[in-house]
Each structure stands twice: as C-alpha cells, then as structure tokens.
Amino acid sequence: MKTPRLVHYALGLLGVLAGGMAVGAPSEPAISVKLPQASYNVRLTGNDIVSPHLQLHHSRKELRGRAFDASTVLSLKEDEVKGTIGGGLVNLKVSSQGDTLRGEGGFLGRPAEVRLSPMELYVYVGGCTYRLKNTEGTYIGPRSCDRVFAPPTEVTLPEVFQELTPAEQVALLLLSLG
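Our numbering puts the first residue of the sequence shown at 5, with every later residue one more than the last.
Treat the hints as calculated values from the structure; they're not laboratory data. C-beta: ideal position from N, C-alpha, C; glycine also. One or more hints might be untrue.
Restricting the straight-line Cα-Cα distance to at most 25 Å, the calculated cross-link-like pairs of lysine to any residue (SDA-like) are [unchecked claim]:
| no. | residue 1 | residue 2 |
| --- | --- | --- |
| 1 | K65 | G102 |
| 2 | K86 | K137 |
| 3 | K65 | A42 |
Just the calculated beta-carbon pair ranges, DEER-fashion [to be verified]:
| no. | residue 1 | residue 2 | range |
| --- | --- | --- | --- |
| 4 | G113 | G141 | 31 to 39 Å |
| 5 | S75 | N51 | 14 to 22 Å |
| 6 | G69 | C149 | 38 to 46 Å |
| 7 | S79 | S100 | 16 to 24 Å |
| 8 | N95 | R64 | 18 to 26 Å |
| 9 | K81 | N51 | 14 to 22 Å |
Can you build the whole structure from these sequences, using the hints too?
As structure tokens, this is what we get:
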C-alpha cells in the first residue's frame, strides 16, 4: 500500500517541528531523503531501522517489523530478498556487476529495480523512477512521478550503509523510496 504524498509531507513536517526526524545532520547514521514535497531520515541505529513509515529490526538474515503500516518479514540471502509486507509479496534477485549493485524482481507485488554505483542511483519502485547522479556524496536528480519543474530529489547514504550486505542495501533502498 502506497502512502499518499500528503501523509509523507505531514509526517516530515511533524518531524521538523518535533526535532525528531528532521533532515539535516542526523546524530545517528541515516539515509536522508529529500523529495519535492517532503523530507525524512531513515535512521539506522544498531539493529533498528526507523522512519515515519518504517519500524524494523534487522539482522544479516532478516528484516522484521512494520513497513507502510503493515506487518513485514523479509528473508535476506546472499542473492535474494523474499517475504511479505502486509499482503504484498517481495521477491528480488540481488547481484553485483563490477562496482554496481543490482536488485530486480517484485516489490509489493509490482516490478522493482535498483542499480547503485558510486556514480548513479537508479530505482524503479511503485511506478516511480528515480534517476539520481552522485554529486559530492549525495545522489541528486529527478523522479518520474514529480512535476517537470519540481525541485530534484536528493538521497544521501551514510557510511554504515556500505557495511550492509547487498541484500540489505537493496531492501533498504526500496523501503526508503517505495
């Protein structure tokens, strides 16, 4: 189930007002996401992943908890991510080609794709395509589901993200941007 943009905006605004999830220089490692209508951090604290739409516990073998207000269990293997988010199936193949991480398959019952390299982040999820180029450590660029003159999307990945397994990285990118 996709959360409406207005809800993302309201949650991001509440985070800014409460000082909790505000985008900026988080004190904990976080995937920072700035969309044209909302901004939020996906905090990676120990074994927990927390954002306005994610409350997950992770290990090298599993992500478990709630995502998008639904019970979530994702099994992580070297070359795949499988499981469910609510009633939606997740079935992704994960691979590396040179310095590019790839993930392809189904996410919440719809096609999904991730390509992450030092130069580019490409994500197709929920009918929206992100084509972001790395600019001084932040991936910046347009999303296909935004208006033509909307500000660009920005995604910053913390250093600890590189320590995660390829399956964890693919799952987190789709969960963060889905």
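Should the hint that S79 and S100 are 16 to 24 Å apart at their CB atoms be regarded as holding?
At 19 Å between Cβs, range holds.
Between the alpha carbons of K86 and K137, is the straight-line distance 25 Å or under?
Measuring from Cα to Cα gives roughly 28 Å; hence the hint is violated.
Taking the CB of S75 and the CB of N51, does the distance hold inside 14 to 22 Å?
The hinted range 14 to 22 Å holds for S75 and N51, with Cβ atoms some 18 Å apart.
Indicate whether the distance between the beta carbons of G69 and C149 respects the range 38 to 46 Å.
With Cβ atoms ~26 Å apart, the hint is violated.
The hint says 14 to 22 Å between K81 and N51; measuring C-beta to C-beta, is that right?
Given range 14 to 22 Å: holds, Cβ gap about 18 Å.
Proposed proximity, A42 with K65 (alpha carbon, max 25 Å):
Judged against 25 Å, a Cα distance of about 31 Å means the pair is violated.
Is K65 close enough to G102, meaning Cα to Cα at most 25 Å?
The given pair, whose Cα atoms are some 24 Å apart, holds under the 25 Å limit.
Using the C-beta atoms of G113 and G141, is the stated range 31 to 39 Å upheld?
Given range 31 to 39 Å: holds, Cβ gap about 34 Å.
In this structure, is the beta-carbon distance linking N95 and R64 contained in 18 to 26 Å?
19 Å, holds
Taken one by one, the earlier hints fail for this structure at numbers 2, 3 and 6, listed in ascending order.
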